[in-house]
Amino acid sequence: MVKARISKRIAILYGSETGNAQDFAFILSHKLHRLHFAHTLSSLGDYNTLDILDCRHLFIICSTTGQGELPRNALEASHGNNRSSTLWSFLRRKDLPSDLLNHVSVSFLGLGDSSYPKFNYAIRKLHERIVNQLGAKEPYKRLEADEQCMLGSNKNTGAGIESVYFEFEKKALDNLCATYPTRKVNGEIIKREELPADVYLRPDSSLLIERDDNIQSNSVSFKGDEFVRVGSVERNQRITHAEHFQDVRQFIFKGAEAHEYGPGDTVSIFPCNTDQSVQQFLELQPHWKPVADKPLIFSDRAPSIEGGLVQPLTLRNLLKYHCDIMSIPRASFFKKVWTFATDMSRLERGLEQMNQQREKLQQFGADEDMQDLFDYCNRPRRSLLEVLQDFMSLRLPWEFALDFLPAIKPRYFSISSGPNCSSIELTVAIVRYKTILRKIRKGLCTDFIANLSPGDQLRYKIQNNHLFENEQLRDRPMILISPGVGIAPMMSLIRAEISNQIMLFFGNRFMEKDFLYKDLLQKWEETNRITLFSCFSRDRENSPEFKYVQDRLWAIGNTIARLLVEKDAIIYLCGSSGKMPTQVRITLLEILKKWGNFETDTAACDYLKLLEKNDRYLQETW
Amino acid sequence: MTDTELGLLLIHPAVTTEPELLAKAVEEAAASGVQIADQFLITKINDKSVTVENEKYDAIYYLTPEENDSIKFPVTLIPVLADALKSNGRLYGLPDTYRLDALINGFTTVSEGKYHWIKSPVPQAVPLKAKSLGGGAAKKLPSFKRASQPVQITQDVEDEYEDDTINTKDKTKFFTNLHTATELIDEEDLVINSNDPTGITMITCGKTKTRRKKACKDCTCGMKEQEQQEIDQVRNNQETIVKFSDQELTEIDFTIEGKKLGGCNSCSLGDAFRCSGCPYLGLPAFKPGQKINIGSILDDI
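So the sequences go chain by chain: C and H. Here the numbering used here is used: position 584 in the first sequence is 584, and no number is missing along the way. Position in the second sequence (from 1) plus 1000 gives the number in the numbering used here.
Check each hint, because a few of them may be wrong.
As the list claims (entries may be wrong) - A short, non-exhaustive set of chain H residues, derived as facing chain C with CB atoms under 8 Å:
(1) 1030
(2) 1191
(3) 1200
(4) 1271
(5) 1285
Said to hold, decoys possible - To be clear about the criterion: a stretch of chain H counts as covered by chain C if any three or more of its residues have a C-beta under 8 Å from a C-beta of chain C, and this derived list gives those stretches:
(6) 1015-1022
(7) 1032-1046
(8) 1068-1079
In short, the hints are calculated from the structure, not lab data. A virtual CB, placed ideally from N, CA and C, is assigned to each residue, including glycine.
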């Protein structure tokens, strides 16, 4: 059969941290398909570099990490972590001519948050290189979205980032439709018209029953990702007081083989759904039950899934290992499934209620003002499974499960163990919280980890981030700042004995409840391995003077300034994102202004920027 | 006693010269309780000079002198045969090399005894040839009152772009040795830290004037407390509706009937349709008067 659904002529590439950029890319792809534009959709990291020669229209949607970097999936391929042949590493080669990309028309959408200093740096880097240095044409100027609407394209409009996306989408579609107003079908030239909204577009590959028997075995394996490893849990111990609200685990597993890793490196863990959630899903889509355990095959190519595709291939296994039914559904999910709201047999009010649900689901997918979707799904952190509970008219076709259900992605954790240790140690805060929904909210991956026992197996990969490989670090002081679980990579750094002078600024809530690794840290302090500056934000008794890490920094501001200016000290900041990193940065700036002996405040400010530029101010926040 | 089953015998043109093969096949079918009702040359069905009735046969046999591995079967005929068979009907003589086409058309394989295919009773993927679910697949169902609407599912043939005039062949030389490390420009040199808006497109109309207020993770302005209060309020409201202890893990039947429903008439429809302040907020949709599955809302211990 002739299919032209994948074309190199048009490409949508994304770099995504939290999934926003990816979902916007999915929505744009959906729109293009419905206008019959064959195209490529991929993360920047997975894009085949050579394909850029066949590309004429490129759309890049990219967010920025806390450090101003491109997101991980823009830098590396999802299979393995080879970065050398990706598009971005290729484009940064020094020996490229200035007209290399003059055959490409490129448009950019950056997603950023102006509460971070390096606002939308990633898209600006891409833009500068691709347009100004390598000669690609820009049919319209790039768009930069700001979560805070203080900067960028939506500056002072009070409009959310989705408004910026829809402006981008409008420009993209107008541009393409003006270039290709007609299309050719069976040799005949016809006007380009959008598919009717209620027609579901069949994906390239769908699921088929291979044999009419049931697979009973519980054992599974994964095929197609040679980089994933299977480890065995050695220890999974709560290290906060039983009465403390937060459950933090010291989690140790034995690696499948010897790994080379160092401080600042991370592990990605591939979680799965509980059997109970999968069963709930099947109860909600009862027509899936008779086929849940039948062996399946793909009608066309099997999808490429990071971490490998589960074997034996059954609906139950796909739901358990690959379909993120506990995630909060995004607009692209509703865009695809609303047309399947066709079943009135389970509704109290029949046709009327079915049409009401149909309309609502369509609206969640199509509304440019995503407010209703936000209020219904994001704010209460409602899972896809719970949406199905509320919308009993949805009768989903299992054949296309992988087209409309979001994929489970691995989650990243900083390594706490010392370099190359065969038992890999993580420090994991178990995510649990309440919203207006009756059931406690849990994080998929940390819940998966919380339920593992010694001897259990888990799939993982190691990422080498090469943060502290410079040999000259040894004689330079290190200022480690880490409230809460931010301690995780610091443990690895201290164990690596990377510097002779380590100062650890460690903040928790209560000395006796969540002072993580208290005994070990105090021992290291006694043996002069570190200098420990602790503080407790909700514990006046044990921390009368200091509430936050920045208070302790300020208290010895003079010393900090000396270490930075005279001793080339390195700052490493880890922990929760939000105000903490900003407040620490402001504190450091004030310290430099007051004790740094700079002629002007601007000079102090420039010095701090220089630290960031020269990787002496490293930040890992999540 | 079982009724005799109806069979269809399809014949390869070469078989007509060997009548004894034909007789043997009819005999074997009869021995397994199948009465051959029709026999046609496969070419006649394929060129549509003969048509077969839908859902007529319990078994279809294909008779050919070809070796099993080299059997050539017209794939366009497979869906026609699928239609001609009753549910659970059997197809003999289609070799495993046509596996994918058979699967796509709703057959499953049976390897015990004589190798054959069964028209699967379970709902199958829509045949690729079908334009819509409402077509082929639904027609075969007995006509009872349908509780659902058909969905249009399309396999779109998208653009195949004309070759363009731009030639990029002379650029391929830059793409050699993609995997070998070469000197890279410094990423930091690419950014001029400027929030100058003249270089970017400003949006003309924002559809989302109401900014979503959301407290920061380490909120200090009081918004987090306010959010928490709202959550507590909603959860307290729920307490007046559902009375069960958090320890109860078994499913309890409990009926909403008799509880007061709001005049808005939307309480049972789920959060997407409820008014703000509805005491049912945060609870799943339900049918008034029916039992709610507590397991779906109970906190895990």
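Taking the hints in turn, this is what the structure says about them:
no.	hint	verdict
1	1030	violated, 27 Å
2	1191	holds, 5 Å
3	1200	holds, 5 Å
4	1271	holds, 6 Å
5	1285	holds, 5 Å
6	1015-1022	violated (count 0)
7	1032-1046	violated (count 0)
8	1068-1079	violated (count 0)
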